[in-house]
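Numbering follows our numbering, in which position 126 of the sequence shown is assigned residue number 723; successive positions increment by one, without gaps.
Just so you know, not all the hints are guaranteed correct.
Unchecked claim - Pairwise CB distance ranges, derived in the manner of DEER restraints:
id	residue 1	residue 2	range
1	Met598	Pro650	16 to 22 Å
2	Ser669	Glu630	17 to 23 Å
3	Ser621	Phe699	32 to 38 Å
Unchecked claim - Below, computed lysine-lysine pairings styled on BS3-like, alpha-carbon distance capped at 25 Å:
id	residue 1	residue 2
4	Lys665	Lys701
5	Lys694	Lys714
6	Lys602	Lys701
7	Lys694	Lys616
8	Lys618	Lys664
9	Lys701	Lys727
10	Lys694	Lys665
11	Lys727	Lys633
12	Lys633	Lys714
13	Lys727	Lys638
14	Lys633	Lys701
FYI, nobody ran anything at the bench for these hints, they're computed from the structure.
Computed from a predicted structure; not experimentally measured.
Even for Gly, the Cβ is constructed at its ideal location relative to N, Cα and C.
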Amino acid sequence: MNLSKNLTLFEMIRSDMAKRKGVSNQPTPEHIENMKVLAEKIFQPIREHFGVPIYISSGYRSAALNKKIGGSRTSQHLTGEAIDIDLSGHPSNITNKEVFNFVKDNLNFDQLIAEYKEGNDLGWVHVSYKHPFFGIRPTFGSCTRKTEGHPSSR
598 MNLSKNLTLF EMIRSDMAKR KGVSNQPTPE HIENMKVLAE KIFQPIREHF GVPIYISSGY
658 RSAALNKKIG GSRTSQHLTG EAIDIDLSGH PSNITNKEVF NFVKDNLNFD QLIAEYKEGN
718 DLGWVHVSYK HPFFGIRPTF GSCTRKTEGH PSSR
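All chains should be modelled from the sequences, with the hints used to inform the complete structure.
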């Protein structure tokens, strides 16, 4: 199932951790609708702007999966309203910082976080979109914690 021209449901729910732990990561119809809006308002504009495939390091998370990885109980990943993007090492040489700045300067979003700064780049970019969007540009920030990798442990 396609959520947008260049994003499939499989890409949003894929999780190696869910497989390893035997946890279902299947969304409800409401969550799928949220993911379609997220794809339209966030993912697809990024994909079209940069013109290259976009790697999702964390998309939708079921409550069971979120608990297994120690995610926040209020995470918008639980409702299909958040996506983590990581272009580190992408053959195009597009950086996570460029993705962050594009979202910040061009898209409406709920939350935009520059996760785990690494030298001149970011570990990944967390961005969420809650529908309906009321035209409020919320604050954005950066996270400078050090970690052994992405907390979703894909």
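>> Hinted pair, alpha-carbon criterion (25 Å max): Lys618, Lys664. Please report holds or violated.
In response: Holds: Lys618 and Lys664 sit about 11 Å apart, inside 25 Å.
>> Against the 25 Å threshold, does the CA-CA distance of Lys633 and Lys714 hold or violate the hint?
In response: 29 Å, violated
> Would the pair Lys665 and Lys701 pass a check requiring their Cα atoms to be no farther apart than 25 Å?
Replying inline: 31 Å, violated
> Is the hinted range of 32 to 38 Å satisfied by the C-beta distance from Ser621 to Phe699?
Replying inline: 34 Å, holds
>> Can you confirm whether the C-alpha distance between Lys633 and Lys701 stays at or below 25 Å?
In response: Given that 25 Å is the threshold and the Cα spacing comes to 21 Å, the pair holds.
>> Run the distance test for Lys701 versus Lys727: straight-line Cα separation, threshold 25 Å.
In response: OK: Lys701 and Lys727 at ~16 Å, within 25 Å.
>> Next pair to validate is Lys727 with Lys638; report whether the Cα-Cα distance is within 25 Å.
In response: At roughly 10 Å apart (the allowed maximum being 25 Å), Lys638 and Lys727 satisfy the hint.
>> Check the hint pairing Lys694 with Lys665 against an upper bound of 25 Å on the C-alpha distance.
In response: The given pair, whose Cα atoms are some 29 Å apart, is violated under the 25 Å limit.
> Range hint 17 to 23 Å: satisfied by the CB atoms of Ser669 and Glu630?
Replying inline: 22 Å, holds
> Should the hint that Met598 and Pro650 are 16 to 22 Å apart at their CB atoms be regarded as holding?
Replying inline: Given range 16 to 22 Å: holds, Cβ gap about 18 Å.
>> Given the hinted pair Lys694 and Lys714, is their Cα-Cα distance within 25 Å?
In response: 9 Å, holds
> Does Lys633 lie within 25 Å of Lys727 when you go C-alpha to C-alpha?
Replying inline: Holds, because 11 Å separates the two Cα atoms, which is no more than 25 Å.
In terms of the numbered hints stated before, the structure departs from hints 4, 7, 10 and 12, listed from lowest to highest.
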